[in-house]
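Build the full structure now, drawing on both the sequences and the hints.
Here's the letter readout for the chains.
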Amino acid sequence: MRTGDWLILMMSAVAVFYLFHSLWSNTHATKVQIRIGDHIHATYDLHLTRHVKVHGTMGDAVIHIADGKARFAQSPCHNQYCVHQGWLSRSGQAAVCMPNQISLELIGDSKPFDTLNY
Amino acid sequence: MHIDILKWRIHILVIGLVGIALFTLRNLITPAVYHQQGYVFGTLVDISIAGENKDRAASLISHILQDFQQLHQQLHAWKLDSQGNPSALGELNHAFAQGTEPVTVSPRLAEMLKQTQAFSYQSQGLFNPAIGHLISTWGFHQDTFEPVAIDDKKISTLVQAKPSMTDIVIQGRTAYSRNQQVKLDFGGYAKGYALDEAANYLRQQGIKHALLNIGGNILALGQNGDKPWRVGIQHPRQPGAIATLDLQDGWAIGTSGDYQRYFMLGDKRYCHIIDPRTGYPVQHTQAVTVLIPPQKYAGVLSDVASKPIFIAAAPDKAQAAANMGITHFMVIDANGGISLSHAISKKLTWLDANFEKQHHVQILETR
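One line per chain: the protein sequences are B and Y, in this order.
If you number the first sequence the way this note's numbering does, the last residue is 118 and the count never jumps.
If you number the second sequence the way this note's numbering does, the last residue is 485 and the count never jumps.
Each hint should be verified, as a subset may be incorrect.
Said to hold, decoys possible - For lysine to any residue, the following SDA-like pairs were computed, each having C-alpha atoms within a straight-line distance of at most 25 Å:
| # | chain 1 | residue 1 | chain 2 | residue 2 |
| --- | --- | --- | --- | --- |
| 1 | Y | 386 | B | 86 |
| 2 | Y | 271 | Y | 381 |
| 3 | Y | 125 | B | 5 |
| 4 | Y | 125 | B | 1 |
| 5 | B | 31 | Y | 355 |
These aren't lab readings, by the way, just hints derived from the structure by calculation.
Structure representation (C-alpha cells):
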C-alpha cells in the first residue's frame with residue numbers, strides 16, 4: 001500500500017470511531033435502576049411492562065414500567081413528590097422518594113451527566 | 119478485479135478493527151468510577167470516586183457518610199436523638215429563648231456561628247438562619263408537613279421581632295443571643311458545610327478525582343477519566359434536566375428551588391424559602407442556580423449564595439448576586455422565564471435545542 005492508502009485508512013478509521021461514538025450514544029433509556037437506601041435493589045428492562053412492589057423504610061411503593069418509561073405509581077410517603085414526578089423516559093432522569101428512601105434512575109447507553117444538581 | 123475487491127475487503131476489515139480498537143482503548147483509559155448513595159440530612163447523598171480501587175473508595179465514602187450523620191444529629195432543627203435529647207443546635211436555641219445567659223458551644227459550632235453571621239451580613243440579611251420560628255410556623259419543621267392555616271398575626275409578630283444573626287454574641291467558647299426570638303435553622307448552610315468537609319477529607323486522603331453531591335449541592339475534585347465531571351441541572355417543573363455543564367476541579371454548584379419542600383394551598387405554592395422581611399414564602403421564583411469557582415468555602419457558598427438571589431425581587435437579583443460575590447448564576451422565574459448572567463451562559467449546554475427560543479432566555483447585565 002502507498003502513503004495515500006494509509007492516509008485513507010487512517011481517515012476512515014477516525015470517521016468510523018467518530019460515527020460509532022456519536023450514533024451509538026443517545027439519550028434513549030433502556031433500563032431502570034431501582035435503589036433502596038444505599039444499595040441497588042434491581043435493574044429492569046424498560047420495554048417489558050411490569051408493576052414492581054418495593055419495600056422502603058416507610059412501606060411499600062409501587063413502580064410501573066411500560067413502553068420505555070417508568071414511574072412511581074404509589075408511595076406511602078406523605079407529600080407524594082415522587083408520584084407527582086410522573087413518567088421518566090430519558091436516560092439520566094431520576095425520581096427520588098426521600099422519606100421512603102427509594103430512587104429510580106433511567107439508564108441508557110450513555111450517561112448525559114454524572115450527577116444531578118437540584 | 120478479484121484482487122481489487124479483496125484489497126477493499128481488507129481495507130474495510132482493517133478500518134473496522136481500528137475503529138473498535140480505538141473505542142475499546144478509550145474505555146480502558148477511562149478509570150473505573152466507584153459510586154455510592156446514602157440518605158443523610160433528610161436528603162440524598164451521592165458520591166463518586168474515580169481512579170481509586172473499589173475497597174478504598176468504599177471505605178472513604180462510608181467514613182464520609184458517618185461524618186454526615188453525626189453533623190446532621192448536631193444540627194438538626196427539630197428532632198430529638200434516641201435518648202430524647204435535642205441536638206447541640208437545639209440546646210443552643212433553647213438557651214437563646216431563655217435569655218442572655220451565655221452557654222458553652224463546641225469550637226465547630228462557634229465556627230459555624232461566625233461564618234453564618236458573616237454571610238448573613240454580606241447578604242444584607244436576606245440569608246437569615248435566625249428565622250427558625252418563622253420556618254416552624256409555616257410547618258416546615260416536620261418530617262411530614264402539610265398545608266398550614268396561615269396565621270398572619272403570628273407571622274407579623276415574628277417578623278417585627280427582627281430575629282437576626284447580629285443578635286448573637288460569641289465570646290470565646292460561649293454564645294448568647296440579645297434577642298429571645300432568635301431560633302437557628304441551618305437548613306440553608308449545613309449541606310454546603312458538609313460538602314467542604316468531605317472535599318477536605320478526600321484531599322487529605324490523597325484522592326484526586328471525586329464528585330460529591332449532598333442534596334443537590336455538588337463539588338467536583340479533579341475529573342472523570344479524560345473528561346471533566348458533568349452535572350445536569352434539574353428542571354423545576356419536569357422530571358429530568360434542563361441543561362448540563364462541566365464542573366472543573368474545585369468548582370461547586372448549588373440550586374435553591376421551590377420544588378424541594380413545599381405544599382400547595384389552592385393553586386398557590388408555598389415553598390420552604392421564606393423572605394425574612396415579610397415572613398412569607400417566596401412566590402416569584404422557581405429556582406436559582408449558582409456556580410462557584412474554586413475557593414476555601416466553595417461548598418458553603420454553593421448552598422448559601424443562592425438564597426439571597428432567590429429571595430430578592432427580580433430587579434434586585436443581580437445586586438443580590440453581586441453582594442455575595444457571585445458572577446455565575448441562573449434565575450428561573452414563576453412563569454418559567456430564564457435569566458442568566460453572562461458568565462454562566464457560556465458554560466451551559468441546553469438539553470433541549472429549542473429551549474432558548476421557547477423560554478425567552480435573557481442575559482443579565484451585572485453591574
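Status of the hints after comparison with the structure:
The hinted pair formed by residue 386 of chain Y and residue 86 of chain B meets the criterion: a straight-line CA distance of about 20 Å does not exceed 25 Å. For the suggested pair residue 271 of chain Y and residue 381 of chain Y, the alpha carbons sit about 21 Å apart, so the restraint of at most 25 Å is met. For the hint pairing residue 125 of chain Y with residue 5 of chain B, the CA-to-CA distance comes to about 11 Å; that is within 25 Å, so the pair holds. With a CA separation close to 10 Å, the supplied pair residue 125 of chain Y and residue 1 of chain B stays within the 25 Å bound.
This hinted pair checks out: residue 31 of chain B and residue 355 of chain Y have alpha carbons roughly 23 Å apart, not beyond 25 Å.
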